[in-house]
Amino acid sequence: MQPIKNPIGRILIHLSLWVIVLSSTVPFIWTVLQSLKTKKQANARNPVFWFKPTLEHYSELWLDSVPDNFTALAFGLIAIILALILIRVFAKHLPVSRWVVDGFIVGAIVLILWAIPSLVKTAEFYDYFVNTIIVATGVVILSISLASLSAYALSRYIGLAGVGLLLLALAIRSLPRMAFALPYFWLGQISGLYDSYFLVIITLVAVNLPFTIYLLRSFFMDIPREIEESAMIDGASRLGAFVRVIVPIVWPGIIATALFTVVLVYHEFLLVRILTLTNWTLAVAMQQFLGGISDSGSLPLKSAAAVSAALPLVIIVLIFQKQLVKGLSAGAVKG
Amino acid sequence: MKLKTFFQFTAPSNLVMVALMIIPLGLAIVMGANYITYATFKEPVFVGLSNYMEVLADPAFWTAFRWTLVIIVVVVPAHIIVAFVGALLLDQVTGWPRAFYLAAMLIPMIVVPVIGTVVFRQLFEPTGLLGWFLRAVLGGPFLFTETSMKVLILIHTIWISSPFALVIFFAGLQTVKQELVDASSIDGANRIQQIRHIVIPHLRALFLLNAIIAVMDFFRLFDNVFVLTRMNPIFHSDTLQTYLFRMAMTVKRLGKANAGAVLTVLLIMVVLIPFLILLYREQTEER
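These protein sequences, in sequence, are chains A and B. Under our numbering, the first residue of the first sequence is numbered 1, with each subsequent residue one higher. Under our numbering, the first residue of the second sequence is numbered 1001, with each subsequent residue one higher.
Where hints are given, some of them may not hold.
Unchecked claim - Under 10 angstroms between C-beta atoms, here's a sample of chain B residues computed to sit facing chain A:
| id | residue |
| --- | --- |
| 1 | Val1016 |
| 2 | Gly1026 |
| 3 | Phe1100 |
| 4 | Leu1106 |
| 5 | Gly1128 |
| 6 | Ser1162 |
| 7 | Asp1187 |
Hint data in this document are derived by calculation from the structure and do not stem from the laboratory. Quantities reported herein were computed from a predicted structural model and do not represent experimental measurements. For each residue, glycine too, the CB sits at the ideal point set by N, CA and C.
One chain only, chain A, in its complex shape (with noise of 0.2 angstroms):
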C-alpha cells in the first residue's frame, strides 16, 4: 500500500505504532529498572523512577566472589564479544572462507565459556547458562543435519509421498508436550538417563525437526534444479552435489532455522521441566528463581536474573532480525 502522505495521519500513525512498542516492552524496561535498584528502592510502594544503578544484583547472580581484577576482565570479555561480532558482520571482506569464519567463532565461544570458571569463581547460575548453550548444540547439530536431507528431498520430490511427509510432519508439530513428556520421563527413569543431556537432547531434536524440516524446506525451494543438475551431469551423485554445491548456497538459511532451532530450545520449559532434576537450562532455572512466593527473595535478584537470562537471546535475535523475519515469513507467505 501506498502511504499516507497526510501529516496529521503520519502523526497518528506513529502514535499509534508506539503505543505498540511500549506495551511490548514496557515490562522488560521495567524489569531492567527494578534490577538495578538497591532492594530496599524495588520494593517502594509508590514506584522509584531516579535512583543511582547498581549492579551488585548482577555480581551476586553470576558470581561466588567478586575478583579484585574484575573491571579489567569484565571489559576484556566485552571487547572479545564486540571483536567476535565484528568479525561475523565483516567476514565477506576477509580473505578466507565463511566456513573457516563461523568455526573460528564457535571456537572462540567454547573456549571463553570454558575458560571464565577458572578466571573467576562463578555461580550456578552460569551453570545453567553453559547447560543451555550445551543443550542448544546438540539440537541444532542433530536436528539441521538430519533435517536438510529430508527438507532437501520434500523440495525436489513432486508427488504424493511428499505431501503427505509434509502433511505427517505439521500433525507431529500440533502434538501437546505431555503426550509424550511422560512416556520419555518413564523411559528415562527406567534407563537411568533421567536428568542426562542426552535424554533432554535428543527430545527436543525430536519435537523441533518437524518446524526444521519446513523451514529450510522453504530456503531449498529458492534454489534453482539446474544448479545440482549440471553438477550431476559432471558425474558427481546426488548426494555429492547436494553436500558440495547445494549445501553452500543454502547457507544462510541453514544459519537462520539454527538460531530458530537455538531461540526454541532456550524457549522450552515444560520438556525440560519433567525431564531433568538439576541439570536445568535458564528457562527452568528461571522458574525456580522466580517462582515461589513474591515476597520472598529479593526482588532486584530477580530482576537481574530474568534480564540475564533474556538478554543473550534478545542481542542474538536483534543482530540476526534480517534473516529471522526472512525465514519466518518465507516458509508461511510460500506456503
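Given chain A, work out where chain B should sit, using these hints.
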C-alpha cells in the same frame, strides 16, 4: 527426483520422527492403560480402560477443556486483529524507523516465554508499575482473583502470540500488487475499501494460517498459565496441559495423566483434521 532417492534422503529424519515421536505416543496409550505411580515405576498394573473412563468422568478435565476453548475463542480473533492492524501500521513507515518498530514489537516473542510471563506478572504485583497505577485508579490494591487472573491470562496470551502473526501479515503485505491498489484509487476507492476489498482477500490464506497455528499453540498452552497462576488451584485456571501436569507431577498418577494426554491428542486431531484435508487438497491441486 525419483521416489527411491526421496526415501533415501528422508530416511534418517523419518526414522527419528517415528522412533522419537510415534513410539512414545504409542507408549503413552499403553501407559494410559496402566496404574503407575512414582512408587511403582517398574511394576505397572494393567487396568484396561479405567484410567480413560476416570479422565472422561473427571469434572476438572472438562473445566480445563472449557477454559482452553474460551482462550482459543477469545485470543485467536483478538490477536489476529492486533497483529493485522500492527502490520498495516508498520507497512506505512520505511527505513530505520520500520526496523526499530519491528525489533521492539518482536520482543515479547523473542524473550523466553517463562521469563516474559514472570516479568509481566511482576508488573501487576504491589511493587510493580501497573500494580501502583491500578492502585491509584481503583482506589484499592489490585488483587489476583479468579476473574482478574483469567483476564490476565487472556491479555498475556494475546501479548505473546501477536508478534508472530504480525511478522506473517507484514511479509504478506509486501506481496500486495501495487497496480491493483493504484487502479482502485483511480476508481475512487478510499483506503478502508482498499483494505477490505483488495488487501484482506489477498491475505486470506495467511489469516487461515495464523488462525490454525494459534489454535494448535493454544491447545498446548502451558508456560504462561503455569507461571501466572503458579499452579495455585484457587484461580481455577487450569488449561488442558496444566491439568495433565498437575495429574502427573502433583497428584502423581502417571497412568491417568497419560490417558488424559492421549484424549487431548484425540481432541486436537478432531479440530485439526478438516484443516489437514484442506491443506492436502490445496497442495495436490498445485501439482
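Evaluated hints:
Against a cut-off of 10 angstroms between C-beta atoms, the interface hint on B:Val1016 holds, since the closest Cβ of chain A lies about 6 angstroms away. Evaluation of the B:Gly1026 hint against chain A yields a held restraint, the C-beta minimum of about 8 angstroms falling below 10 angstroms. Below 10 angstroms, beta-carbon pairs count as interface contacts, and B:Phe1100 has one with chain A at about 8 angstroms; its hint therefore holds. For B:Leu1106, the interface hint holds, the least distance from its beta-carbon to any beta-carbon of chain A being 7 angstroms, beneath 10 angstroms.
At a threshold of 10 angstroms, the smallest CB-CB gap from B:Gly1128 to chain A is about 7 angstroms, leaving the interface hint in force. Interface restraint check: B:Ser1162 against chain A, minimum CB-CB distance 9 angstroms, threshold 10 angstroms, status holds. Hint status for B:Asp1187 relative to chain A: violated, with the closest Cβ pair at about 15 angstroms, above 10 angstroms.
In terms of the numbered hints stated before, the structure departs from hint 7 and from no other.
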